[in-house]
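Quick note, the sequences are listed as chains A and B, same order. Just so you know, numbering that gives the first Met the number 0 puts 236 at position 237 of the first sequence, and the rest follows in order with no gaps. Just so you know, numbering that gives the first Met the number 0 puts 45 at position 46 of the second sequence, and the rest follows in order with no gaps.
It is possible that part of the hints are untrue.
[To be verified] If you anchor each label on the Cβ, the simulated ranges turn out as follows:
(1) L140/A <-> D154/B: 57 to 65 Å
(2) V134/B <-> R21/A: 25 to 33 Å
(3) G298/B <-> G224/A: 52 to 60 Å
(4) L35/B <-> R124/A: 52 to 60 Å
(5) V186/B <-> R124/A: 24 to 32 Å
(6) D32/B <-> A141/A: 50 to 58 Å
(7) E146/A <-> V134/B: 26 to 34 Å
[Stated by the list, open to error] A few chain A positions that, by computed beta-carbon distances, are all more than 12 Å from chain B:
(8) R72
(9) F99
(10) G114
(11) L251
What the hints contain is simulated information worked out from the structure, not anything from laboratory work. None of these values were measured; they are calculated from a predicted model. Note that beta-carbon positions come from the ideal geometry of N, C-alpha and C, so glycine has one too.
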Amino acid sequence: MSGATDANAPLAELERATIGRRGRALLRDVDLAVRRGEWVALLGGNGVGKTTLLATLLGDEEPLAGAARLAGRAPSSLAPRERARHVAVLPEAEPFAYDFSVAALLELGRYAHVGLLGRLGEADRAALARAVACTAIEPLLARGIQELSAGERQRVLLARALAQEPALMVLDEPTAHLDPGRQQQLLATLRVEVDRGALGVLAVLHDPNVAGRFADRLLLLGGGGVLAAGAPAEVLRPELLEAAYGVPFRALRADDGGPPWVFAAVAPVAKR
Amino acid sequence: MNRGGAGGFAWLALALLAALALELCCGPGGWPDAELLAYRLPRAALALLVGSGLACTGAVLQALSGNPLADPFVIGASSGAAVGVVAARWLGIPFTSPWIFALSIAGSYLAIALVLRIARSGARLPVQTLLLAGVTVSTLGTAGVLLYYSVRSDDATRTMLFLMGGLDEGDWRFIASAAACVAAGLVAAQLSARALDAFALGEESARHLGVDVDRFKLVFCLLAAALVGVVVAAAGLIGFVGLIVPHVARRLVGHGHRRLVPAAALAGATFLLLSDAIARNVVRGQTLSIGAITALCGGPFFLLLLRRRAGERDRLADEGPPR
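When you get a sec, could you build the whole thing from the sequences and use the hints?
In C-alpha cells form, the structure reads like this:
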C-alpha cells in the first residue's frame, strides 16, 4: 500500500504512557505499538482501562504522562475526517434507532473520503465492493438494518469499517454477543485482511483463547499497568491470568501446536 | 428503493398542490375573488413556511438525538422560543419587529442546548431522559410565560393570542424574512444530509466515520433553533408537526436524509395547509386555533409511537440484546 519507508512505522503507539480519565490514572507505563500486518490484542478485567486506552490512542482522551501517537502524530491533533481515513473502529454491537438499508449504512463508510455532496467516485465504489466481497454480505444489502441478527449486524459493521480503507482497525469487544461460530467467522475475515498486509488490528477481546489464536501479540493489563506483553504462549500463563482476573486459571497443552488452552477454574462459593 | 422514493415524491407533490388549492379556494366567502385571495395567500404562504420549517426541524432533531420521538415541541425548543417572545414583549418590542425573531431563536437555542446537556448520559441520549428533560424544560418555559401573563395583564391577552398558534400575520415583509430563514435552514439541512444519516445511527459511530460531531451538533442545534424560533415568532406554538410529519415521510421515502429532509418539508407544508383549511372551515364563521388542530392529530399519534416502541423494547428484551 504505502511506500517501503513507512511500511514499518507504527500505526498507533504508546510510549511509557499513563492512561487515565479525569486526571485519575488507570494504567501506568504502557508501551505498545501496532504495525501493518499484525494483530495486537488487549486482555484484562472489567474496568482495568482497556477502553480508556483505546480512547487515548484515538485522541478522545489525553495521556496523563508519556506519549500517544496515531499515524506518527498526537492523536487529538488529527481532524475527524483525517482520523477516519487512518483508523476505523468496530464497536460492540448495539441496536439501531432507524431502519436504514444495509447498503445505505455501508455507504457511510466512505464519509471521510467523499466531498460535501457525498457523490461516490470510482475508488469509493471499488472500496465498497471489496468490503462487501470479503465479508460476504452481498445477500444482506437490500435488507433493513433493524432486521439483522447480531451476527449479521457485526458483519455489516465490519464491512463498513473495511470500506473506510483504514490502516488500523480498532475493535472493542466486537464479538461480545456472538455465538462461537459467528465470532470466529468475523475475526477470521479480519485475519485474512491482516495477513494480506492491508491493515493492523488492535482489539480488546474477552476470551484469552480467541485472543491467543487470532492475535500475534497480547497485552495483559491488570494491577494498574501491563502485567505481561508478548507472544500468546508467553502471556497465556495461569499465574499471569490469575493476577489479571483474580480467579485461579488452568492451562492445557493444545493439540494444534498453538499456545495452551487456558480457562478459569470455577470455585463454588461454598469452598472459598 | 430508488423508484419507491421517486414515487413518494410524486405523491407528496400532488398532495401539496391539492392542499394548496383547498386552502386558497375554500373558506367563508366561498370562491376567492381578489379580496379573499389577499387574505388567503399570505395564510397559505405562512402555512407552507411553518409546516416545512417544523417538519424539517423534527427530522434534524430526530437524527441529532438518534431518537425517533424527538420533536421541537417535545424537547422544549418551542417552549424556549415562546419564552423568547415573552421576553421580547417584556422589553416592549412590537410583534412585527425583527427582534422578536432574534429573541425567539435565542430562547429556542437555550432550551435545546439545555435539554441535550441534561439528557446525555455518557455518549448516549436515552429516550426516557430526553423526554423527561424535554417535558421539564417545556414546563419551566410555560411557567415563565404564565408568570408574564400574570404580572403584565395589560399585554397578556395579545401575547396569549399570538402564542396560541395562528397564521394571521398578513405582512409580506415579515413573511419574506421568515421565508429567508426557513429556506436557509432547509438548504443547510439538505447539505448536511450525510452527517444527519451518520448521527441517526449513533453519535459515537458518526465520530468514527469521520464526522466532526461537535461542529455538526452546534450547526444542527442552531439550525433547529433558527427554524423553531422563526416559526414561533411567526405563528405561535404549533405542536407535533415536527413529530408526525417526518414519520410519514420516512414511510414514503425511507430514512436516508437526502430524501427525508425534502420529503418532510413537502409533507409538513401539506399538513399545515390542510390543518388551516380545516381550522377555517369546520365551524362556520370562526377560525379555530391551528395549534389545536395539529395537536389533536399529533397527540394520539405520539402515544401510538410510544406504545409501539415499548412493544419493540419488550421484543428486544426477549431476544437478549446488548445491554
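Numbered hints the structure breaks, given as an ascending list: Structure breaks hints 9, 10.
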